[in-house]
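Chemist: In order, the protein sequences belong to chains A and B. For what it's worth, my numbering labels the leading residue of the first sequence as 1, then goes sequentially. For what it's worth, my numbering labels the leading residue of the second sequence as 1, then goes sequentially.
Hints are computed from structural coordinates only; laboratory data are not their basis. A hint or two may mislead.
If several chains are the same, the list does not tell them apart, and a pair holds so long as it fits within one copy or across any two.
List of simulated lysine-lysine pairs, BS3-like, C-alpha gap at most 25 Å [what the hints assert, rightly or not]:
id : residue 1 : residue 2
1  : K141      : K237
2  : K196      : K89
3  : K57       : K193
4  : K237      : K187
5  : K193      : K149
6  : K89       : K187
7  : K57       : K178
8  : K187      : K20
9  : K178      : K196
10 : K57       : K171
11 : K149      : K89
Number of protein chains: 2
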Amino acid sequence: MAKPLIVVTNDDGIDAPGIKNLVQVAAQFGELLVVAPSSAQSGMGHAVTVNVPLTFKESEMHAEHLAYACSGTPVDCVKVAKHILGNRKADLLVSGINHGENSATNVLYSGTMGAAIEGAIANIPSVGFSLMDFSFDADFKAAKSVAAKIIDQILQQGLPNGVCLNVNVPKVDPEGLKGIKICRQAKAVWDDKLEKRQNPFGREYHWLTGQFESADTGTDSDLWALHNGYASVVPQKFDLTDYNFLDSLCNWEI
Amino acid sequence: MAKPLIVVTNDDGIDAPGIKNLVQVAAQFGELLVVAPSSAQSGMGHAVTVNVPLTFKESEMHAEHLAYACSGTPVDCVKVAKHILGNRKADLLVSGINHGENSATNVLYSGTMGAAIEGAIANIPSVGFSLMDFSFDADFKAAKSVAAKIIDQILQQGLPNGVCLNVNVPKVDPEGLKGIKICRQAKAVWDDKLEKRQNPFGREYHWLTGQFESADTGTDSDLWALHNGYASVVPQKFDLTDYNFLDSLCNWEI
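Isolated chain A, as found in the complex (with noise of 0.2 Å):
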């Protein structure tokens, strides 16, 4: 049988050290191409690159597999891939390690999950991966043995059209992990906070920062398994039509 073939990519750049732990565990299951942006793409979520063009060229970055920089977002670098393979059709994607979470909200600025998301939109069985440690030289031993164990299961089982999984992982120990839950995405968000500073020219401007905010007090949440020591598995669809409230809709005076 064929080895699975298997597309990896990230956001924070196909030099992150989280990237680099993600082909070391994909290797073991199939033949890899790495297609990761050039530079940090953090927040980018589902982000295109339409104004200009794109460039992509070939790395050393990932020793023996075949890998590509790309110019674009996570997105497009999905695309690219898809472009690079032709004919041929990718088993799984995975994208990250991200250094640092996507749990909740953060699914969406996201660019770990948008190029999972647009996987999932290919028809390719897709999954992304975040570690609760923003460090560059964060450990992702905890991080590497639940992506083994997820990508086996995917490779195993599959996953239905135009659903993508969200894996999170606590900052812990591998010994210090509790389990790996399967969770809703928790309702909690931003509070925003706009830094003011002034530049040396006496310019104003902005840094977006602020707290994550949850009043989720759910233990099916993905925050909750991840304060609790669980890696945390949200099944995500790209079909955001919210059908319950499809039919009051319906009444309204248009």
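Following the hints, put chain B in place on chain A, whose structure we already have.
Modeler: Structure of chain B alone, referenced to chain A:
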């Protein structure tokens, strides 16, 4: 009673004809705060600016209405609007009118809808409007009449927490519009093409282009409505959890 406070934004930029038309409609219903990108931000989806600072400054672009041009994405504009309002809470957020449709999976790539979804995350009743005509001198008459009806209904009826509306209008005269249809998001995706070019210095670059392809034959989709002369209204939510798949996922061996 105080006039409703309405935030207006878009993704085509503060000087686009679409937002000028939307400002005219919204001004009939309340007091406006316009915060829009200083340059075109098409395809930015739910991107936020995290790696560089944001700037924003007052703009004369919208005559008597308080308006700011922002260096960032449509989602950034919503965050800046909240910052400017401080303790005041907007009663409504309107985004658009986009030059080009945002039906089906385009909702994910759309900066227009990124802003509307961010409005919903901030618990502001929010709606994005798009016209199925990319041209800068498009006729916005039909779109304006639809926008007026939808704004009126949202102000009267409200929207549930966590839901915003995605409104698309076909390229027709107001008399040619068959009506407004409540729809689900169509199952249709881009068949991407990367068009290869060479720059004057011999280096390769690519334009991301393609065909929008639909195998969705349902008459309840937004694409069907638009191709049959109706404006479409899809309620969209930002909880991406696929609740139907949660149970099967619990049987995985992880």
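Chemist: So, for every hint listed, does it hold in this structure?
Modeler: Going down the list of hints, with the structure as the test:
Within a single copy, K141 and K237 get their C-alpha atoms no closer than 28 Å, and across copies no closer than 35 Å, so neither meets the 25 Å cut-off. Taking the closest pair of Cα atoms, K196 and K89 come within 25 Å of each other only across two copies (21 Å); inside a single copy the shortest separation is 48 Å, beyond that limit. In this assembly of identical chains, the alpha carbons of K57 and K193 lie at most 25 Å apart only when taken from different copies (17 Å versus 38 Å within one copy). For the identical chains of this complex, K237 and K187 are neighbours both inside a copy (16 Å) and across copies (12 Å), given an alpha-carbon limit of 25 Å.
For the homomeric pair K193 and K149, neither the shortest alpha-carbon distance inside one copy (38 Å) nor that between copies (34 Å) is at most 25 Å. Taking the shortest Cα distances, K89 and K187 sit within 25 Å of each other only across copies (20 Å), while inside one copy they are farther apart (35 Å). Taking the closest pair of Cα atoms, K57 and K178 never come within 25 Å of each other, the shortest separation being 41 Å inside a single copy and 49 Å across copies. In this homomeric assembly, K187 and K20 never come within 25 Å of each other (Cα to Cα): the closest approach is 32 Å inside a single copy and 35 Å across copies.
Proximity of K178 to K196 under the C-alpha cut-off of 25 Å is found in neither arrangement, the shortest distances being 41 Å within a copy and 49 Å between copies. For the homomeric pair K57 and K171, neither the shortest alpha-carbon distance inside one copy (34 Å) nor that between copies (40 Å) is at most 25 Å. In the homo-oligomer, the alpha carbons of K149 and K89 lie at most 25 Å apart inside one protomer (23 Å), although the nearest pairing across protomers, at 46 Å, exceeds that limit.
Taken one by one, the earlier hints fail for this structure at numbers 1, 5, 7, 8, 9 and 10, listed in ascending order.
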